[in-house]
Amino acid sequence: MSIYLALTVASLKMYFRNKQALFWALFFPLLIMIIFGMMNFDKYDSPNVGIYDAADNPASQALIQALKGSNQQELLSVAVDTLEEAHHELEFGTSRAVIEIPANYGAPGEFAEIKVTYDERFQQERAVISTILGQVTDAVFKELNQVPDEYRVENSIGITETVITGQGQGFKAWLIPGVAAMAIMQTGLFTVVFTLVRFKSQGVLRRLKATPIGASHFLAGQLTTKAIVVVLQTYVLVIVGAIVLGVSIGNGRIGAWLDLTILALLGGALFIAIGLAVSGWAKNEETAAPIANIISMPMMFLSGVFFPLSVMPDWLTRWSQYLPLTYLADAMRAITVEGASITTLGSELLGLSIWIVISFVVATKMFRWE
Amino acid sequence: MTTASDPIIIARDLHKKYGDITAVNGISFEVHRGEVFGMLGPNGAGKTTTVEILEGMRDADSGDAIINGINVKDDPPAVKAMIGVQLQQNAFFDKLKLSEIVDLYAKLYLAKVDPVEILSRVGLDNRKNAQYAELSGGQKQRLSIAVALVNDPVVLFLDEPTTGLDPQARRQLWELVRTIQKSGATIMLTTHYMEEAEELCDRIAVVENGEIIALDTPDALIDQLLETGFIPKKRVREATLDDVFLNLTGHDLRD
Chain A
1 MSIYLALTVA SLKMYFRNKQ ALFWALFFPL LIMIIFGMMN FDKYDSPNVG IYDAADNPAS
61 QALIQALKGS NQQELLSVAV DTLEEAHHEL EFGTSRAVIE IPANYGAPGE FAEIKVTYDE
121 RFQQERAVIS TILGQVTDAV FKELNQVPDE YRVENSIGIT ETVITGQGQG FKAWLIPGVA
181 AMAIMQTGLF TVVFTLVRFK SQGVLRRLKA TPIGASHFLA GQLTTKAIVV VLQTYVLVIV
241 GAIVLGVSIG NGRIGAWLDL TILALLGGAL FIAIGLAVSG WAKNEETAAP IANIISMPMM
301 FLSGVFFPLS VMPDWLTRWS QYLPLTYLAD AMRAITVEGA SITTLGSELL GLSIWIVISF
361 VVATKMFRWE
Chain B
1 MTTASDPIII ARDLHKKYGD ITAVNGISFE VHRGEVFGML GPNGAGKTTT VEILEGMRDA
61 DSGDAIINGI NVKDDPPAVK AMIGVQLQQN AFFDKLKLSE IVDLYAKLYL AKVDPVEILS
121 RVGLDNRKNA QYAELSGGQK QRLSIAVALV NDPVVLFLDE PTTGLDPQAR RQLWELVRTI
181 QKSGATIMLT THYMEEAEEL CDRIAVVENG EIIALDTPDA LIDQLLETGF IPKKRVREAT
241 LDDVFLNLTG HDLRD
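Same order as they appear, the protein sequences are chains A and B.
All residue numbers for the first sequence refer to the working numbering, where the first residue is 1 and numbers rise by one.
All residue numbers for the second sequence refer to the working numbering, where the first residue is 1 and numbers rise by one.
These aren't lab readings, by the way, just hints derived from the structure by calculation.
Treat the hints with care, as some may be off.
[To be verified] Mimicking BS3-like on lysine-lysine, the simulated pairs with C-alpha atoms at most 25 Å apart in a straight line are: (1) A:365 x B:140; (2) B:73 x A:19; (3) B:73 x A:13; (4) A:13 x B:140; (5) B:17 x A:19; (6) B:17 x A:13; (7) A:283 x B:128.
[To be verified] Simulated restraints on C-beta separations: (8) A:12 x B:182: 34 to 42 Å; (9) A:283 x B:15: 27 to 35 Å; (10) B:164 x A:23: 51 to 59 Å; (11) B:229 x A:283: 47 to 55 Å; (12) A:346 x B:125: 41 to 49 Å.
[Stated by the list, open to error] Selected chain A positions facing chain B (in silico; Cβ < 10 Å): (13) 9; (14) 39; (15) 124.
A quick note: this is a predicted structure, and the numbers were derived from the prediction, not measured.
From the three backbone atoms N, C-alpha and C, an ideal C-beta is built for every residue, glycine too.
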C-alpha cells in the first residue's frame, strides 16, 4: 500500500511539474471551447430540424429531400428521427423545430396535416423554417400532382404550428461537455502513451523491474494519477466553460457533479486502458504518437464533440454512434445539458463498459517492461 | 554461521540462449563476502546477461544463481529486495528532484532512509534539488549508485559503471566503489577497462563467448602470463597517458 502511495504521489508530482502536459490538458481544450463558443454557431444559416416521417413513402421522402435543399444550397439541416427523439432534441436545443409528416401524406385525395413544433426562443429560425417549409410543400405538391398553378397547396396539405419553450441553452452549453469529454480522451490516451513509452524507451521501466515491486504496483499508481488528473480537468473545464460562456450545468442539479465525476472516471479508465495498449505495443515515441493520433483524431470529429452527429451523413453516424468517445460525450451532455441523472443513461454506460473491458484485455496482453 | 569466506554469490553452470545465439554457456563462479569481483570481457561476451540472471532480471535457461542463500529463480522479489543494482543503461523519472528519486526508490524497498544522506555518500547532496536530466554523465552514474544503496544491499551489482565517463569522473567513481566496499558490501562489477579491473577488483573473471576463460586475482593473472615468457610490446613506463591527461586537466571533477 505504501509502495503504491509513493508511486502515485511521485507520478502526480511529475505530472503537475510538466507544464506542457498541463497546457494540453487544460488550456488547449479551454481555448477551443471558448473560441468555438464565441463563434456562436447558433447563427448558422441552415437551422437544425428533426423530422418524424410517419408516412415513409416516396412522396414524404421527396419532401424531406426538398427540405434539405440541393448540394449547392442547403436549406435545412435535417435529421430523420423518432418522434420522441426529435422532440427531445428540440427541447434541449440541439434542433430548432420538429416536423411531423403524417401517415397519410401523399395519399391521393386525402388531406394531410403536417405538424411543426418550434422553440419560441428562436424566432428568427422559426421564420426561416416556416418559410422554407411553406415553399417546399407548395413546390413538391405541384410536382407530384402535376396540377395547374391555380390549385393552391392548402387544398390537400395543411401546416399547423405549435410552440414550446425549450430548456436548451444552445450551442455553447452543448459544446462544453463535448470538449470536456474530448479532453478526457486526450489526457487518458496521450499522457499515458507519452509517459509510458518514454519511460520504456529510456529504460526507466527496466530500472523499476530491478526493484522488488511488481508491474501491478506501478500500473496502479499510474492509473490513479491519471484518474485524479482527469477528474480535476473535467471540473475545471466544465466550471470555467460554464462561467465564461454563461450557461448552467445540469439545470442546477447538484447530483450532476457526482454523475460527471463517475463519467470522468469511467472515461478516464477507458482511454487510459487504450493508452496502455498503445504504449505496450509501441517501442518508442515515434511509433506511439501516430497510433495515438489515428485513434483520437477521427473520434474528435465523428463523436459529436464540436458538432451534432445529425449534421453528418447517415452512413457515417451509423458507425460513429458506437465509438467510445460518442458514448462518453453523449452521456456527459445528457447530464450537463439536459439535467439527466446517470441512472437513466443505461445504453451509454453499457457502451462505455464494453469498451473498457475490451481495452483492458488488450492492454494487459500488450504491456511490456522493456 | 557465516564467515568472511562464505560465498555470497554462487553461479552454477548458467546457460542462456537468445534464439540461436548462446549468450551464456556454462558459467560458474563464487564471490565471497566483502569482495570486489570483476567480470571482464569484450562487448557481447555475456557479462551483462550473467549479471542480469543474478539480479533476477532475466531467467536462465538452466543452472542456478544463488544470492545470500536464496536461489534467484525461486524468489526473484526476495533477491531483488536485498541487492543493489546499477544497470548498464540507467534512467530515472524526469520532473523529480534527486532527493525525491532517492526517496521514491527507498519507499519501493520499504526502507527508511534520509535521501540527502544517501546523496552525500555519492557526493551529490549539493544537487539534491536538481532533476535527472540536468546531471552530467558522471553524476548520473553516481545517482544510480545512490539509488542502488537505498536498501543497504548485501551485494551491489555495477554493470559497466564507468563506460562513457571522462578520466576525472572515472577516478571519482573508483573512489566511491572503494568506500562502499569498506562499509562491508560485496560488489560485483563488469567492465571492459583493464585498468579499472586492476585498480578495483580483488578477483576477476575473464569472459569470452559466454564462458569464463580465466579466473584469479589480477596479480596472479599477470604473473601467469609472464611465466609463459610473455614480453610486452612496449617497455612499461612509470606513468601512463591517463596520468598525463589528469596532470594537464586536473583531478577535479567537471560537472
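Going through the hints against the structure:
Note on residue 365 of chain A and residue 140 of chain B: the hinted pairing is violated, with a Cα-Cα distance of about 34 Å set against a maximum of 25 Å. Proximity of residue 73 of chain B to residue 19 of chain A is assessed by CA-CA distance (about 43 Å); at most 25 Å being required, the pair is judged violated. Simply put, residue 73 of chain B and residue 13 of chain A have alpha-carbon atoms about 35 Å apart, too far for the 25 Å limit, and the pair is violated. The suggested pairing of residue 13 of chain A with residue 140 of chain B holds, with an alpha-carbon distance near 21 Å, which does not exceed 25 Å.
This hinted pair does not check out: residue 17 of chain B and residue 19 of chain A have alpha carbons roughly 45 Å apart, beyond 25 Å. Note on residue 17 of chain B and residue 13 of chain A: the hinted pairing is violated, with a Cα-Cα distance of about 41 Å set against a maximum of 25 Å. A hinted pair counts as satisfied when its Cα atoms are at most 25 Å apart, and residue 283 of chain A with residue 128 of chain B does not qualify at roughly 32 Å. A hinted range of 34 to 42 Å for the beta carbons of residue 12 of chain A and residue 182 of chain B is consistent with their spacing of about 39 Å.
In this structure, residue 283 of chain A and residue 15 of chain B meet the distance hint of 27 to 35 Å, their C-beta atoms being roughly 28 Å apart. Residue 164 of chain B and residue 23 of chain A have their C-beta atoms about 34 Å apart, which leaves the hinted 51 to 59 Å range violated. Between residue 229 of chain B and residue 283 of chain A the beta carbons are some 52 Å apart, a value that agrees with the proposed interval 47 to 55 Å. Hint check: residue 346 of chain A to residue 125 of chain B, Cβ distance near 59 Å, so the stated range 41 to 49 Å is violated.
Against a cut-off of 10 Å between C-beta atoms, the interface hint on residue 9 of chain A holds, since the closest Cβ of chain B lies about 8 Å away. Because the closest C-beta pair between residue 39 of chain A and chain B is about 36 Å apart, greater than 10 Å, the hint is violated. Taking 10 Å as the C-beta cut-off, the interface hint given for residue 124 of chain A is violated, the closest approach to chain B being about 52 Å.
Figure legend: structure checked against the earlier numbered hints; hints not met, in rising order: 1, 2, 3, 5, 6, 7, 10, 12, 14, 15.
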